[in-house]
Amino acid sequence: MIETKNINFYYGDFHAIKNISMKMEPNTVTAFIGPSGCGKSTFLRLFNRMNDLINNTRLEGECLIKSKNIYDKSIDVDELRKDVGMVFQKPNPFPKSIFENVAYGLKVNGVKDKKFIAQKVEESLMAAALWDEVKDKLHKSAFELSGGQQQRLCIARALAVAPSVLLMDEPASALDPISTSKIEELIHQLKSNYTIVIVTHNMQQAARVSDKTGFFMMGELVEYSDTKKMFLNPDKETTQNYITGRFG
Amino acid sequence: MIKKISNIVIKQLLTVSGAITGIAILFISIFLFKEGIGFFNSPAVEKGYSLYVHASNPINELSSKEIKEIFDSEITNWKTVGGNDEAIKIFRIDEIFQKYSEEELGKDYQLLPEKLGEEIKSDKNIIAYIPQKYAPTLTKGIKVLHIKHLTLSDFFLGKEWLPTATPSPLFGVMPLFLGTLLVSILAIIFALPLGLGVAIYLSELANEKIRKLLKPIIELLSGIPSVVYGFFGLVVLSPLVQKTFHLSVGETALTGSLILAIMALPTIISVAEDAMRNTPRAMREASLALGATQWQTIYKVVIPYAKSGISAAVVLGIGRAIGETMAVLMVTGNAAVMPTSIFNSVRTIPATIAAELGEAPAGGTHYQALFLLGCVLFLITMVFSIIAEIISKKKNY
Amino acid sequence: MNKKIKQNIAFFVFRLFSLLIVGVLISILGFIAINGIQVIDWEFLTTAPKEGMTEGGIFPAIVGTFYLVVGSLIFAVPLGVMSAIYTVEYAGNGRIVRFIRMMTNNLASIPSIVFGLFGMALFVNKLGFGDSIIAGSLTLGLLTLPIIIRTSEEALKAVPESYRTGSYALGAGKLQTIRKVILPSAMPNILTGIILSVGRVSGETAPILFTVAAYFLPSLPDSIFSQAMALPYHLYVLATSGTDVEASRPIAYGTALVLIMIVLFFNLLAAFLRQRLNKKLKQH
Ligand SMILES: Nc1ncnc2c1ncn2[C@@H]1O[C@H](COP(=O)(O)OP(=O)(O)OP(=O)(O)O)[C@@H](O)[C@H]1O
Ligand SMILES: [Mg+2]
Chain A
1 MIETKNINFY YGDFHAIKNI SMKMEPNTVT AFIGPSGCGK STFLRLFNRM
51 NDLINNTRLE GECLIKSKNI YDKSIDVDEL RKDVGMVFQK PNPFPKSIFE
101 NVAYGLKVNG VKDKKFIAQK VEESLMAAAL WDEVKDKLHK SAFELSGGQQ
151 QRLCIARALA VAPSVLLMDE PASALDPIST SKIEELIHQL KSNYTIVIVT
201 HNMQQAARVS DKTGFFMMGE LVEYSDTKKM FLNPDKETTQ NYITGRFG
Chain B
1 MIKKISNIVI KQLLTVSGAI TGIAILFISI FLFKEGIGFF NSPAVEKGYS
51 LYVHASNPIN ELSSKEIKEI FDSEITNWKT VGGNDEAIKI FRIDEIFQKY
101 SEEELGKDYQ LLPEKLGEEI KSDKNIIAYI PQKYAPTLTK GIKVLHIKHL
151 TLSDFFLGKE WLPTATPSPL FGVMPLFLGT LLVSILAIIF ALPLGLGVAI
201 YLSELANEKI RKLLKPIIEL LSGIPSVVYG FFGLVVLSPL VQKTFHLSVG
251 ETALTGSLIL AIMALPTIIS VAEDAMRNTP RAMREASLAL GATQWQTIYK
301 VVIPYAKSGI SAAVVLGIGR AIGETMAVLM VTGNAAVMPT SIFNSVRTIP
351 ATIAAELGEA PAGGTHYQAL FLLGCVLFLI TMVFSIIAEI ISKKKNY
Chain C
1 MNKKIKQNIA FFVFRLFSLL IVGVLISILG FIAINGIQVI DWEFLTTAPK
51 EGMTEGGIFP AIVGTFYLVV GSLIFAVPLG VMSAIYTVEY AGNGRIVRFI
101 RMMTNNLASI PSIVFGLFGM ALFVNKLGFG DSIIAGSLTL GLLTLPIIIR
151 TSEEALKAVP ESYRTGSYAL GAGKLQTIRK VILPSAMPNI LTGIILSVGR
201 VSGETAPILF TVAAYFLPSL PDSIFSQAMA LPYHLYVLAT SGTDVEASRP
251 IAYGTALVLI MIVLFFNLLA AFLRQRLNKK LKQH
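Chains as they are written, first to last, in the working numbering: chain A, 1 to 248; chain B, 1 to 397; chain C, 1 to 284.
Next comes chain A alone, as it looks inside the complex:
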């Protein structure tokens, strides 16, 4: 589904991603772990070309999604981003109603049929396990929701445009334990329909939700294997040290 080939990425002179090649299968959850500043977010944001927004950056190598190089000139970035959804670390709903938040992606992509939009909004909110909590206040401001609800709203918003890949950058780090477990449950359910890549600082979370795990350090992919193996019997000593918490 996603494949990177010898990717190097630079912020100005700073070499943030060093020669990473990896493959992610459809309908799996892949977790990225690693110490702060190691380049997880940077790498993740390459998959929907979010780093294009930052000035003075440079990319080498190839990134293929559905076997197409997404950095090819023929690629329409907006279409790509529609197909590769993203959920951010801090919940970032728009200052609009709950309904409008979910409908946003559809509307900007040219959907005009109101019935269809309403149906999609309901489906997405259901898929994000939020429907029951908000169905009576769809036209209230999204800011009236709790942090956890807001994050699920952002997931629903991402699902509404029917992406095939879902990128999640520490989606639960700003949330309380109950909201976190709801999100984790959700990831489990979504796996059957989406290819999910999730960045997390929480080892247990990575172990609970993911099929495969990549361990990053200082811009390099140190180890990438099945989550079970990674947590029980990693190949590298640094991985072992990091996972067991014997690490700055």
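If you're looking for bench data, these hints aren't it; they were derived computationally from the structure.
Here are the simulated lysine to aspartate or glutamate pairs, EDC-like style, with alpha carbons at most 20 Å apart:
{"id": "1", "chain 1": "C", "residue 1": "Lys-6", "chain 2": "A", "residue 2": "Glu-79"}
{"id": "2", "chain 1": "A", "residue 1": "Lys-191", "chain 2": "A", "residue 2": "Asp-226"}
{"id": "3", "chain 1": "C", "residue 1": "Lys-4", "chain 2": "A", "residue 2": "Asp-72"}
Going by beta-carbon spacing under 7 Å, a handful of chain A positions derived as facing chain B:
{"id": "4", "residue": "Arg-81"}
{"id": "5", "residue": "Val-108"}
{"id": "6", "residue": "Val-161"}
Every residue gets a Cβ at the ideal spot worked out from N, C-alpha and C, and that includes glycine.
Using the hints, position chains B and C with the ligands against chain A.
Here is chains B and C with the ligands on its own, set in the frame of chain A:
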């Protein structure tokens, strides 16, 4: 000891200067109102003049509008103002000189009052407009008309601004007020799309280099004195407007609003740009990540987010435009009539003050009326500045 | 694809607008520069108007504007700086400061013609100064007060807190600290505010219409109670009501150019100084 006292003195001095802006505003409002409020104690005819009628005339008092219309021959029958059904005979002091030679009036005109008295007494339907200096000897046959004071509605609802008309000047601010509104709103209609466009360009599209170049240029635009804008408007813009629209004169409401639009641009651009730049990065990214184009992100996320800042920019811009004096004075043609078209001359409140205060004798009704205009202007701009402040502090959600 | 086209159109329009603004500025400045440069020479700057203002120079207007700038600064700078000192160093951070700031904002939003009215009522009539340099200077001073207060406030706030605590630690009192430590290090920034207001004062017309400005004076003003000519008013008169408007047009262009050059010079100087100072602050 001396040091201690001087410390205390300095501290008091600092406290007073801390309040200086408040004091200044207080003083400004007191002085404006003090000079302006006398307007409502002024009679509706020129100071130093009185109106006389025949003693048998049932009319005892007239308003400024009635007087004006009588002397303009728009009212020709006493019945119209509530008197007998008789034609009005207007008498001005000049007429006495046609009737009597200078000798008959005496040296220094000592005999003039007497003659005037006779003249008025001789006609039942006469209305005479006479300086008090030569007040006719009051005999049984004549009486002085009581003249109503100018009222709030004379001022605020009056549709004619004729401050030097005799015997009864009219001080209706309606034409000035509407003129000001027309020019300012038109200016904002021109400036808003342009200003927003440039603000969007600066905050969303331009790279750092271009921004660094463009920002000072816009600041320069705001540094140019308004009299220079007026001059430019006068020699370049108004001939241009005249030619383009085939008008007889180029000094029109349109010309004024074009110049005002240019002058309002820097404010609108910088306030709106600030507001847009304050849109959190997370909002933009959320929108783009859903497949929205940059433009969709701008008008669906950035502009709504910056709405209060943009509205504040608009209010501030209108406030500025309303108060702008010199440029408008020089290019709008200054016709104090109810505006009917953007291709006609108009006159704004500040332009009226600037144009007329020099000729209005201090303390006279005209002078007071101009100060009253100043009060109106002061209040309007104050309200606008407060509204702008409130709006810009408001959150959009 | 539709939304891409819309984006392209919108962005094209915005670029066009930005170009248009640059074009407007260039055409205003260019027009006046091209027409004005032809009349400006040494004689134009140093002689008085002649032949009903259709010949000669603008020397008395330059002198008058100079007097007005100096006069208004003498009044506004100490008051404005003291006001800023009070707000930043004494008033704390509560309601008083908010009130003062609101008043300053409101004062800044009052139209300049209203200042003119006020100056006429108070300084010219009530205090009996008549049309005079002092009445004009006081009126203009009031007008620039908000600029000076705001920039001085910013300047004082930019002084690092450590300077204050350092001075107190040495046993200096509050006033002493302000005088010896805070003011000197805030001075350069305060200066930019003053320069900015010089630019503003030299270009204002409406406040001087009825407080000082004279159409033509045969001799230079000899005291603060004399009337004076001033550049912006001179331009206004030349443009609208000279004895022969067409014949005095070249002089009007020259006057406009001189006025613009003065105003822009001070604006640019202030911008330049501010940039230098910001850089310096960052280096520290
Ligand atoms: N916009 C940027 N400009 C310059 N350098 C950046 C930028 N964003 C990130 N970096 C640098 O790139 C490196 C990787 O950053 P990244 O955000 O990808 O780390 P991360 O692994 O996501 O860390 P965290 O776990 O704290 O989120 C860091 O050293 C960071 O300082
Ligand atoms: Mg990160």
